[in-house]
Amino acid sequence: MIRKVRRHPVQNEPLLFEISEPGKRAWQLPPLDVPETDPAEALGEGRVRREIEGFPEVSEVEAVRHFTRLSTWNYAIDLGLYPLGSCTMKYNPRVNEAAARVEGLAWAHPYQPEPLSQGAMEIMAALEQALAEITGMDAVTLQPAAGAHGELTGILLVRAWLASQGNPRKKILVPDSAHGTNPATARMAGYAVENIRSNELGMVDLSVLAAAVNEDVAALMLTNPNTLGVFETEIVRAAEILHAKGAQLYMDGANMNALVGIARPGDFGVDVMHLNLHKTFSTPHGGGGPGSGPVAVRAHLEPFLPVPRLEKTPEGWRFQYARPQSIGRVKAFYGNFGVMVRALAYILAHGAEGLKAATMDAVLNANYIRKRLEEYYELPHRAPTMHECVFSDQRQARHGVRTMDIAKRLIDYGFHPYTVSFPLIVPGAMMIEPTETESKRELDLFIDALISIAQEAETDPELVRSAPHSTRTARVDEVTAARRPVLRWKPPQQL
Amino acid sequence: MLEACGLASLEDLFAHLPPEVRLARPLALPPGKSEYEILDYFRARGQECANGYASFLGAGAYRHFRPVLVDVVASRGEFLTAYTPYQSEISQGILTSIFEFQTMICQLTGMEAANASMYCGSTATAEAALMAARITGRSRILAARSLHPEYRQVLATMLRNLEMPIEEIAYDSASGQTDLEDLDRKLDEQTAAVILQSPSFFGIVEELDRAADLAHRKGALLIHVFTEAVALGLLEPAREADIVAGELQSFAAPPSFGGPYAGVIATKEKHVRQMPGRLVGETKDVQGNRAYCLTLSTREQHIRREKATSNICTNQALVALMATVFMTVYGKEGLRELARQNLSKAHYLASRAPLRFSGPFFNEFVTAPGPRAPEQINRELLERKIIGGLPLGPYYPELDGAMLLCVTEMNRRADMDALAEAFGS
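So the sequences go chain by chain: A and B. Each residue of the first sequence is one higher than the last, beginning at 1 in the numbering used here. Each residue of the second sequence is one higher than the last, beginning at 1 in the numbering used here.
Just so you know, the hints here were simulated from the structure itself, not pulled from any lab data. Among the hints, a few may not be true.
Cross-link-like lysine to any residue pairs, in silico, SDA-like; alpha carbons within 25 Å at most [stated by the list, open to error]:
| id | chain 1 | residue 1 | chain 2 | residue 2 |
| --- | --- | --- | --- | --- |
| 1 | A | Lys490 | B | Glu333 |
| 2 | B | Lys284 | B | Ser297 |
| 3 | B | Lys33 | A | Gln118 |
| 4 | A | Lys4 | B | Gly77 |
| 5 | B | Lys268 | A | Leu15 |
| 6 | A | Lys4 | A | Pro468 |
| 7 | B | Lys218 | B | Arg160 |
| 8 | A | Lys490 | B | Arg290 |
| 9 | A | Lys4 | A | Arg101 |
| 10 | B | Lys307 | A | Ala212 |
| 11 | B | Lys268 | A | Val479 |
| 12 | B | Lys284 | A | Thr72 |
| 13 | B | Lys284 | A | Ile196 |
| 14 | A | Lys24 | B | Leu69 |
| 15 | B | Lys284 | A | Glu18 |
| 16 | A | Lys490 | A | Thr68 |
| 17 | A | Lys440 | A | Glu353 |
| 18 | B | Lys33 | A | Arg101 |
| 19 | B | Lys284 | A | Glu240 |
| 20 | A | Lys312 | B | Leu69 |
| 21 | A | Lys440 | B | Ala15 |
| 22 | A | Lys440 | B | Lys218 |
| 23 | A | Lys245 | A | Ile196 |
| 24 | A | Lys312 | B | Lys268 |
Predicted, not measured: the structure shown is a model, and the values here were computed from it.
Isolated chain B, as found in the complex (with noise of 0.2 Å):
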């Protein structure tokens, strides 16, 4: 080959290349390794983790079982090792597999558009503000304090520079629901949206419909965001919501230290032009059969650059596809059965634990152990191999003492009943 080029050696490729770019040495790094010793080393730092603990821990990112199916699907090296899909004739495998995808979504939120995916759900928070305030022509933004800690701080990352201000709106301390005379206080003619997570950060089931009606009424618009994509399964969805911006690893993706996850948004038909992200459209090849595509690629960055309505190009395919595997093993009937099973198994360890707020709850709570810091208490937990809840101090000062608790189906109830011990009662 090298002949073929005209050339003596493998360095003459790179001839061209000013001295004083090249590197002069080798990589500082050590030589290759088999396969073997590769595989070796990662069970080790697999082994410096909490292997072989229960955990009651969610708040964002939670432990669901993931049916065999899904990484048989997903470990396709058709599925894996495609790339995104715009050369359609030889990609429908994945086009039709995200038209599902986008219907699935529709048929949870209550929405009728959805995209192919974002990132997660804190950029999908982030950027379907962006796309109420390009719906709006407003900018101001109302996020409500239950919205999950993190996921205000990448809204903050993200509206910073764009002269998009954001205001808290309050919790009622009783409750633990949005406060909604807070809400309508706050609201004015330039907010663009009002930002609430349901269930809350805290667990909480919020008011949606008498949000958005309020929202709606000062000509904002309601973005429903949830990070615990099973609760869609029992819960009656947003429907008066305007934007769903959402996190799907609740649907068979591994906790993972925290990602890849998978994102989405979805809206109403009429916003569509302004969302963010890939969308998968039903049209027909030249012969007329059905045939799918991406589609209303005009709002993307390849075609529109600068004025796009966002500049993300990857998005989270393989994740979303396992989530499609997901709700199909599951279905119409598993999904409902899989969430009434959490809502059971979190109530039964509520009915054990003093609840902090009264509001109604899914599969998380707060609870407010007493006397005890929470620190400790797991710290105790920890010696019986289980990890507790989340402490809430270091994200909210005035729930100092309080900590956040998820039951999942694989929370079994000898744990439970451990914790309970834990707490005292």
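If we strip away everything but chain A, and leave its shape as in the complex, we get (with noise of 0.2 Å):
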């Protein structure tokens, strides 16, 4: 029984061109107070554009109707789980987005006079050093822009480490359940990739790894707890490997949600890491991004950070460009300050104790969903469950139903999918991250969902195979959309 939605009716809108009419304007301007320049005569005749063609006319109410119809084609955390696995869609707290609006942070300009910027400094450094005390590690940049890039700024310091003392080296490893941007990232710093298999457990086999680490291996890129939702309990043994062969450890810190407060990465033999603030430390995900994505290291591989770091004067913070070793900028200007003062926020509301409480939490979330599931699908890998757990869907396809039907078939529960077909190591993977954001009455019906939703599938699977039902927008063609792409309107007689 469906017990979570009901459907009522949704507005129907056209793309802004649709409704489009000339002369209709949202737009208001004071009136110039300095004389006019004419265009032509300041820029030339040949460079001024006659119009933007196509560009949309409304009216402000139509512009609020428009965007606020889209608004109710989506799902979101503010209506109710969103158990993406290693996305951590936690409840992001509006006190975040009323901080990063203060006007003196807000309108902050990135040249400004370092004094009269001493405030936004000052937030950058509390987080720093809140960041660092949380990993465990030495020294913390905020300048990645997300998770992906402060990947790639990992493993440029690995890189620009290993060069100081020689030899860059040529290859990255890379369990077989990584993100695909751990891959994709050593390409982008000009390493070529080696994928190591996982033992039965999920986890990194020491005996796979201490055979492929030698004098050509970067780093391990590593993800702990790992995309399974296990933690690699070896991992200080695979530092241990990786050191003696002067190679390093990188750690994806996608699933740090698992540890704050509980283990510091910096204690179990971590070179390097990433943090995703758009996850741990709750700044929202607003449909794709901002993310910001901190990389702490430790001690050795500091001097290469990015410029420009801060530096405490006793007149007060300033920002130190004169560092010879550093792999020298990954973004222009400090990072993704807005995202930052976000997630400072997200601390200080929390403190030592609720940060922990939160970790706790969330562990137990994702146990309970482990333990009242894996009655009914099948629970491939055994380990501990950390933040997340993974069934497969194996015992469904035996009626037809997948993965993906089952997660389509969430929908119509009132519930976002979860992460499908990942791990690529689990087939017809479902893996489920709750985060500590949800009550046990949450829990509960995406629970009562899932067991329902199998029963459908050995019932009537082809309900489940042809879900949603509910939704405004049924199945979609995704494989004509890729096969004959169409990436903007054009007016009909363009077409």
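Dock chain to chain to rebuild the complex, using the hints, since each chain is given by itself in its own frame.
Below, the structure written as structure tokens:
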């Protein structure tokens, strides 16, 4: 039975370009308080465009309704559980938004004089310090804009450190359970990628690792807990194997929500790692971004961090650029400052105890889901669960129902699907991460929905295969979208 | 819940972790704070920044009025707290808005396809260079000296390990425009792309079509970079460019001490499969309704792993949404009028300041105020609660003594007059 939702009318809405009418306007500008400059005279006749062809013209109320109507077609964490594994869709506290909009911070220009930027710099320094404490690392850069950008920064640091010793080496090891960003990152840093096999527990196989590590290996990129939600219990040994051959241990911090206050990468052999402030530290995903991907390092990598670095002087904070070993800049300015403000607000709100409590609740929620669902869904890896658990569609597949079908059917029950078909080492993966946000009530609704779908898979598989049935948009033809890409609107006569 | 899991305490959840990896003490962080205390903390930090100052800083981060509607839309939980729209059926709102974004970026830039956003203009520029290398099978990059200095630094960081040499193209010291003869000399059969910013870091409008022609003759691509998107409201787009890499901060992202902003890459249809980043395409659902979904994802890391066009995953979707609302509010006439106001105000101030370059400019220009150092002038202005221009010496030793000024619709005439006075003119 579907308990979380029932149907109600949803507004239709054409594209902006289809409701546009000449002369309509939503904009206002004050009268110009200087003499008008003739564009053709100032810029040259041929450089001035006649008009922006096709640009919309709508009234204010039309604009409001347009975007409001569109918004009602989305699912969001504000509507309920969003159990995407490895994505850490937790509640985004609204005080964070208010903090980021404080006038002096939101309107701070990156080049305004440093004495007039002290508040912003103090926020960055406080966040660097908190993240160093949380990770147990020695130094933090906030410059990377997202997790993958942090990965690239981290691997470039490893490369610069190795190069300073005479040999940048040739390849990066990546477990077969890794996020796709890891191998893509290695390539962008000029490295070859060697995939290494996981053992039957879903963890790095130390003998495979030992056999793979040699003087050509720059680093292992390891997610911990890994994408199965399993803590790599032999990570200290793995670090020793790498370090014995002069290689580095990079930790993908995507799953740090399982560790905050419990264990610190700096204490278990990690040399460099990134964090996702838009996961662990509650900044909103915003439909795909912005994120922020700070990189934390041990002391030996600190000289290579991107410029500028914050430096405390008797006169206050300043930006230090004179760092000859730095990898340079990875981004203009200092990083996604507005995201940093939100993350620091989250850390301040929780404090030491609150952060640890959040971790424990997140792990408890995942364990509760695992316990209640393992009777109904196949659990291919039985190692203890941290913040997420990964089932397989193996039992339902016998009835022709696959992980994507179950995911789509969850939508009818009022939930966003879990992560589908990832990690790649689990055939038909169903990767579920509830986060600490969810109450037992919401978890039970979700679990009951999945139990009900498991029953439907046996009694009425077609019902599941053809889901969703309740959305304003039915299953989307993604194959045609890719085969004949239509990437922009064109007026009907141009089609 | 613990009982259901067969556990006695929360600590038992972590019993399988080796003792040597456990943190045996509480984190050394202060106790949690209430909402009031948190806002108090950030308001105090805001007071320690340049609050209530007029400002003539631009240089890649611009002060433009943000229509109220922008935050109204971007604060809706259905946009703010949604993930990347992988599940099309319950993400049509985001997908539709991205499709509109892609369309408007094409209309503005004269390109045929645009992606759903990059981190910022600087990383978009570096990714555009990598994209050009994939398209041409070449490796050498020519970048204008008048490309934003920090963009050039990012380009250097990103290309250093990929055997992609970068060479600088000089600017003409009189006009400030890129020296096309120098460009022509440096172009060769190994050149993948020529990168020109227009309006340039100096605010100067470049001869993009001529540069494209020179590049194309040698089989290289032209990448048009922009940092001030408002200029596109008035300037003829560079239709001859092959790739456009831009920064959309001007479209409703506050300066926010440097981020989050939104970059974008646009290009010709034939190059779409070499483009990095997410793309939304139009299709139908099984009932025949128009629908949108993420598409051409075989370019991306989650499918192609080490063979992907880029490692980018999270982008700047919410900022791109803000830009979409901004473009919608201003629309066809408003954006043009906004650009005209910027042009007029900048030219008003420029008429009272000694111009360093003679080339055409939009809302930024370089001034060489004469005997007194820019830093000294700026110090005097600060006493009047005015932040002056950006001294260029640290970035361009040859322009020591000059500063870059930016004027937008938010600069009042009285402040411009005060600035001109400080120059002694």
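Okay, the hints, checked on the actual structure:
no.: 1; hint: A/Lys490 to B/Glu333; result: 19 Å, holds
no.: 2; hint: B/Lys284 to B/Ser297; result: 18 Å, holds
no.: 3; hint: B/Lys33 to A/Gln118; result: 22 Å, holds
no.: 4; hint: A/Lys4 to B/Gly77; result: 19 Å, holds
no.: 5; hint: B/Lys268 to A/Leu15; result: 23 Å, holds
no.: 6; hint: A/Lys4 to A/Pro468; result: 15 Å, holds
no.: 7; hint: B/Lys218 to B/Arg160; result: 24 Å, holds
no.: 8; hint: A/Lys490 to B/Arg290; result: 14 Å, holds
no.: 9; hint: A/Lys4 to A/Arg101; result: 34 Å, violated
no.: 10; hint: B/Lys307 to A/Ala212; result: 21 Å, holds
no.: 11; hint: B/Lys268 to A/Val479; result: 22 Å, holds
no.: 12; hint: B/Lys284 to A/Thr72; result: 19 Å, holds
no.: 13; hint: B/Lys284 to A/Ile196; result: 40 Å, violated
no.: 14; hint: A/Lys24 to B/Leu69; result: 16 Å, holds
no.: 15; hint: B/Lys284 to A/Glu18; result: 18 Å, holds
no.: 16; hint: A/Lys490 to A/Thr68; result: 23 Å, holds
no.: 17; hint: A/Lys440 to A/Glu353; result: 21 Å, holds
no.: 18; hint: B/Lys33 to A/Arg101; result: 19 Å, holds
no.: 19; hint: B/Lys284 to A/Glu240; result: 53 Å, violated
no.: 20; hint: A/Lys312 to B/Leu69; result: 40 Å, violated
no.: 21; hint: A/Lys440 to B/Ala15; result: 23 Å, holds
no.: 22; hint: A/Lys440 to B/Lys218; result: 65 Å, violated
no.: 23; hint: A/Lys245 to A/Ile196; result: 17 Å, holds
no.: 24; hint: A/Lys312 to B/Lys268; result: 48 Å, violated
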